[in-house]
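With the hints as extra help, turn the sequences into a complete structure.
So the protein sequences, as listed, match chains A and B.
Each residue of the first sequence is one higher than the one before, counting from 1 in our numbering.
Each residue of the second sequence is one higher than the one before, counting from 1 in our numbering.
What the hints contain is simulated information worked out from the structure, not anything from laboratory work.
Idealized CB from N, CA, C, for every residue including glycine.
Treat the hints with caution; some may be incorrect.
[Unchecked claim] Computed, partial: chain A to chain B, Cβ under 10 Å:
| id | residue |
| --- | --- |
| 1 | V19 |
| 2 | V76 |
| 3 | G78 |
[Claimed, not checked] Covered stretches of chain B, as calculated for chain A (at least 3 residues, CB under 8 Å):
| id | segment |
| --- | --- |
| 4 | 141 to 154 |
| 5 | 157 to 171 |
| 6 | 208 to 220 |
Okay, here's what each chain looks like letter by letter:
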Amino acid sequence: MIAALIFVISVAALLQFFVLHCRSILAYTRRVELSDRVREVAGIAAANVAASDFDRIVELVRLCPERGDDRKEIRVVGTYYSLLDFLGRITRSVTPKIAAWTENERRSCSYFAAVALDRRISYSRDLFTQQVADRL
Amino acid sequence: MLGSYIDRVIWLAGFLLEIYVVVYSLYKKSFLRNIAINFYMLCEAAVTCGLYFCMRRYGQNSPTYGYYYYYTDRLLTILMFWVIIRFYQQVFSEMQVSKYVRQAAVMLLLATAFFSYAVVHENRGHLTGRFIIEFGQNLYFVGVVLTYLLWGTILKLRETRARLVQLVLALGVYFSAAAGSYAIGNLFPHLYLPFLRFLLPVLGLWLPLAWAYTFTRVPEDARLATASLVARAR
Numbered sequence: 001m002i003a004a005l006i007f008v009i010s011v012a013a014l015l016q017f018f019v020l021h022c023r024s025i026l027a028y029t030r031r032v033e034l035s036d037r038v039r040e041v042a043g044i045a046a047a048n049v050a051a052s053d054f055d056r057i058v059e060l061v062r063l064c065p066e067r068g069d070d071r072k073e074i075r076v077v078g079t080y081y082s083l084l085d086f087l088g089r090i091t092r093s094v095t096p097k098i099a100a101w102t103e104n105e106r107r108s109c110s111y112f113a114a115v116a117l118d119r120r121i122s123y124s125r126d127l128f129t130q131q132v133a134d135r136l
Numbered sequence: 001m002l003g004s005y006i007d008r009v010i011w012l013a014g015f016l017l018e019i020y021v022v023v024y025s026l027y028k029k030s031f032l033r034n035i036a037i038n039f040y041m042l043c044e045a046a047v048t049c050g051l052y053f054c055m056r057r058y059g060q061n062s063p064t065y066g067y068y069y070y071y072t073d074r075l076l077t078i079l080m081f082w083v084i085i086r087f088y089q090q091v092f093s094e095m096q097v098s099k100y101v102r103q104a105a106v107m108l109l110l111a112t113a114f115f116s117y118a119v120v121h122e123n124r125g126h127l128t129g130r131f132i133i134e135f136g137q138n139l140y141f142v143g144v145v146l147t148y149l150l151w152g153t154i155l156k157l158r159e160t161r162a163r164l165v166q167l168v169l170a171l172g173v174y175f176s177a178a179a180g181s182y183a184i185g186n187l188f189p190h191l192y193l194p195f196l197r198f199l200l201p202v203l204g205l206w207l208p209l210a211w212a213y214t215f216t217r218v219p220e221d222a223r224l225a226t227a228s229l230v231a232r233a234r
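Listed below in structure tokens is the structure:
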């Protein structure tokens, strides 16, 4: 009985801490403005990034040379996005309020991915410029 | 535990991350400021090394290895309470109540030690199997409660230090995942080998990974509105 109670409380706490941890990672990127370059590359026309763009943008991120310092956060946010996607699917018809919240959160994840793509593009350009300079 | 190739990779990655956290703190000259975390990481690295030598000398299935694994894990969990207490002191630093936090901490450690002694004394005839899982579950659950109270305090006092917030949240994930895993092991003992055997080492990797990330990526002076995190999460 006590073990079952501890299990339920721990799972509830785990979900809450995990969501908050992911949100604290996402909070930084919300303040970052996306460059025109990344909007062009990722085909983002609207002011906001669509929630469903996450997978496509992450694919683009993977095509760029790795910076080495953003792998962990991309993985954590990817897990968070999958969790939200699953939650959104099962609550869409039952509780639209939660579904709307998951949609908003997934949009934040997509925005995060776009910021990561922007950083990696800048990094690739820096690498290329450095290589050209070295050859000269 | 550390037998297979995957276990060895997890062990090595954990060890390297623990050392990284300590070396990074030394490099940034913040070793003493984060003394509790660094000391915990050093102890965790030392325990991992001991575990490796224990496995080499006595074998992975020996009782010596089993006792070493579980007793050091429990000691590290108790040491982790010191890390939480340091977090409390940081949160309350501006309120000049560190004397009371210290007193509460001493009381808590004494209570934990007494409770642990009482449980071990009561079960001294069978210090294996179910008892070990139940004891781990209880200790980790105390960690969950303490971290949850700490998070409540952070929200109440409108703490904005982003690094502190992320360190605490990562700790919360670790404690709740570990308590939940031990509770599963306690509820369904037959799941212990196929489930906990792999999950617990992976969970051990989470904390050094999350803390290494936080120290590297989140500047000391970075600020974060914690209230907005919760408001939007509702």
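Each hint, compared with the structure:
no. : hint       : result
1   : V19        : 6 Å, holds
2   : V76        : 8 Å, holds
3   : G78        : 15 Å, violated
4   : 141 to 154 : holds (count 5)
5   : 157 to 171 : holds (count 5)
6   : 208 to 220 : holds (count 5)
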